[in-house]
Amino acid sequence: MDVLAYLIPISLFLGAIGLAGFFWTLRHRQYEDPDGDAQRILSDEWDEHPKP
Amino acid sequence: MPGVSTPGFSACPACAVAPAAEDLAQRAEQTAAAGAAGRLMLSLPTAHCATCMSTVERGLRAVPGVRDARVNLTLKRVAVEAAPGVDAAQLIEVLAGLGYEAHELDPGVLSATEADRQGRDLLMRLGVAGFAMMNVMLLSVAVWSGAEAETRDLFHWISALIALPTVAFAGQPFFRSALAALKARRLGMDVPISLAILLAAGLSLFETIEGGRHAYFDAAVSLTFFLLAGRYLDHRTRAVARSAAQELAALEVPRALRLRDGQEAEVPIAELRVGDLIRLRPGGRAPADGVVTEGASELDRSLLTGESLPSQAAPGTHVSAGEVNLTGPLILRVTAAGRDSALYRMADLVAVAESAKNKYTSLADRAARIYAPGVHLLSLVAFLGWLWISGDLRLAVNIAVAVLIITCPCALGLAVPAVVTAASGRLFRKGLLIKDGTALERLAEVDAVVFDKTGTLTLGTPEPMNLGDHPTADLQLAAALAQGSSHPLARALAQRVAARGLTPVAVTDLREVPGYGVEGRWQGRRVRLGRAEWLQASPEAATATYLDTGAGTPRAFTFTDRLRPGAEAAVRGLAAQGKAVHLISGDSPAAVRAMAERLGIARWQAGALPADKAARLAEMAAEGHKVLMVGDGLNDTAALAAAHVSVSPASALDAARVASDIVLLGTDLAPLAEAAHLSRRAVRRIKENFAISAAYNLIAVPIALMGLATPLAAALAMSASSITVSLNALRLR
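One line per chain: the protein sequences are A and B, in this order. Under UniProt numbering, the first residue of the first sequence is numbered 1, with each subsequent residue one higher. Under UniProt numbering, the first residue of the second sequence is numbered 1, with each subsequent residue one higher.
The hints are simulated quantities; they were obtained by calculation from the structure and are not laboratory data. Computed from a predicted model, the values in this text were never measured in an experiment. From the three backbone atoms N, C-alpha and C, an ideal C-beta is built for every residue, glycine too. Honestly, I wouldn't trust all of these hints.
For each label pair, taking beta carbons as the anchor points, the in silico distance ranges come out as [as the list claims (entries may be wrong)]: (1) A:A20 x B:Q90: 40 to 46 Å; (2) A:R29 x B:R185: 54 to 60 Å; (3) A:P9 x B:F206: 23 to 29 Å; (4) B:N466 x A:R40: 45 to 51 Å; (5) A:E45 x B:G65: 18 to 24 Å; (6) A:I17 x B:A168: 20 to 26 Å; (7) A:P9 x B:L716: 24 to 30 Å; (8) A:R29 x B:A695: 37 to 43 Å; (9) B:H318 x A:R40: 37 to 43 Å.
Some, not all, of what chain B presents toward chain A, calculated at C-beta under 7 Å [unchecked claim]: (10) T46; (11) A50; (12) T55; (13) N72; (14) L122; (15) M124; (16) G127; (17) N135; (18) F206.
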């Protein structure tokens, strides 16, 4: 059962990365227009860069 | 739950009306500031697809001065970054050309970002709770599947390490509102919720320290998670509704042109005093009550009185704040400004109607009222009972907490928000904005519908009736003269003639005679278009304007008010659902009767004053009817506030929109019938959800009372009921 000593911290760490990612998306306002984002993927207009 | 999280505005429309009117001037300054920054917001009720988005964005970016445009489909609006010179009216016209209806939103979006911050805050807590729930659940599964002694203790300790900070952070919204409820000596849904979360966490910590078998960390965290999910849905629905409904740009004029010592100066309305002279330009709305001292014109009083016909104004005529000057410039001597003006008196009427209105208790509140004391009583009984039977305090506390956790209103907390989110999402896609969370429930109870006429069933724009009766040459001449005026009848006439593909003839010396009509010279003759008495024509019974070609008798062009699209469908649909449809208008009997007959409405009343409308609604309420009021004008505002539930179109006056529970974003009235139908289904779903969560409790509570509940059983009951309830709500979509 010694393996638990590694596995539990690892799983918690991976989870925390996910949580940090969620915070990042939240702070960058990625949940403001879920309907629009779902539709925008169908648009044939695209650009190489995000707007300056 | 709802009582605590409701941010005042929807609970009492009247409270919102008065301040809304008060800080008009302030708001105008904000608007001006935001306008200077070049940020414009437009509501786009009809946008619905990827093509709409790219068409709108491309179309707007092509407008000179526009730097960027981005559509938000969820909120159905577009944000435009533009140079200071670009104004909303110009963009609305561009969008109309592309086939999209648009309304200006108040760009002082401070309130919207505020609400948005709250939403992000909830979402962050939800994320933390979700993360903790997954990890604690994993550890708990190991314990449930037979981890013993030290391993179990270790897992419990790790769970505690994750769960306790999570509960402390993510549970704050519940703790705060529970505290507020207790301070107000009420027992809302948040009190049992907070108690269950805190007791579950506390007891588990104690058991962990003691090396006990059962810890409820997973329950504490998943409770927080599910309830936060419900709370977030609730917030989202309300935030979407609030942003658009509140920010539709105000129609009232925030500023006035004051004349003093021959000097003209623009001043905020608040600075107007009785006796001041103000200039009212054609097309402008009167900022205060006054008497005409100079000039002749016509006034559109429809928003205040519901009259569809413009009335004549000459020196001595009384003008009320909110009326629109149509043709010539007027000078008014202010007789009442600010609080004393007709506009404010109307707002007072709303306050009276509102205070007379019974406060509606939402289904969720009613459920909480039975539920909260029941839960506390049940755990107390479990605690005392087991203490008496076994004499073991720890066992008794354990069982009492298990009862509290199992009965905890996870499903109940989701039952209403999940359904309301699904239903209002569907209605929003149809162009209906639910402003108040309980509006759907109230709409479901409605058995009578009262419509206003001008501006509600009709668009408030006239439509020529008898163009076919006139020779082409007369039409071309009439159109040429009509172009010289911004009077609604003239504009409609010019537009409809142009729509027939006829080009106006060239008329020289075109001149508007304010209050009477337009005159000019054509082929050496004096030609005129205007009022009957001016042309010495015999007046028709219907709304009409007259053309004098300089030869023969004047010809009459008759008009009717254009029906709002979907009006017929809405009336028919509501009648088919067994609701009594009424038409109450301030307009003349002839016009109202014609409209009632056209739509098949048997019950109608004409010439109703604002107070009459409100009184009639109170009368109907006293007869036991639940009335839906649909109206748009200031004259409807009191009635809107007095009604059981109320709807106003987006084009309605600010005060009317604030007083109503539901706003129609599009021009189309047809979704109204569907909304009534959908609301009934939504309420059925809410009740089903209550039944589902009650059924789970019926099974789980006896088990918990017998002391047989394990953390596993609690987790199963909680998750299963929450998911069932959410899925049931989704059937509405």
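Outcome of the hint check:
1. A:A20 x B:Q90: 40 to 46 Å: Holds - the Cβ-Cβ distance for A:A20 and B:Q90, about 45 Å, lies within 40 to 46 Å.
2. A:R29 x B:R185: 54 to 60 Å: 40 Å, violated
3. A:P9 x B:F206: 23 to 29 Å: 26 Å Cβ-Cβ, so the 23 to 29 Å window holds.
4. B:N466 x A:R40: 45 to 51 Å: With a Cβ separation near 50 Å, B:N466 and A:R40 satisfy 45 to 51 Å, so the hint holds.
5. A:E45 x B:G65: 18 to 24 Å: 22 Å, holds
6. A:I17 x B:A168: 20 to 26 Å: For B:A168 against A:I17, whose Cβ atoms are near 22 Å apart, the range 20 to 26 Å holds.
7. A:P9 x B:L716: 24 to 30 Å: 29 Å, holds
8. A:R29 x B:A695: 37 to 43 Å: At roughly 41 Å between Cβ atoms, B:A695 and A:R29 fall inside 37 to 43 Å, so the hint holds.
9. B:H318 x A:R40: 37 to 43 Å: Between B:H318 and A:R40, where Cβ atoms are some 55 Å apart, the hint is violated.
10. T46: Check failed: Cβ of B:T46 comes no nearer than 14 Å to chain A, outside 7 Å.
11. A50: With Cβ-Cβ at 4 Å, under 7 Å, it holds.
12. T55: 10 Å, violated
13. N72: 4 Å, holds
14. L122: 11 Å, violated
15. M124: 6 Å, holds
16. G127: 5 Å, holds
17. N135: Constraint on B:N135 satisfied, holds at 6 Å.
18. F206: 23 Å, violated
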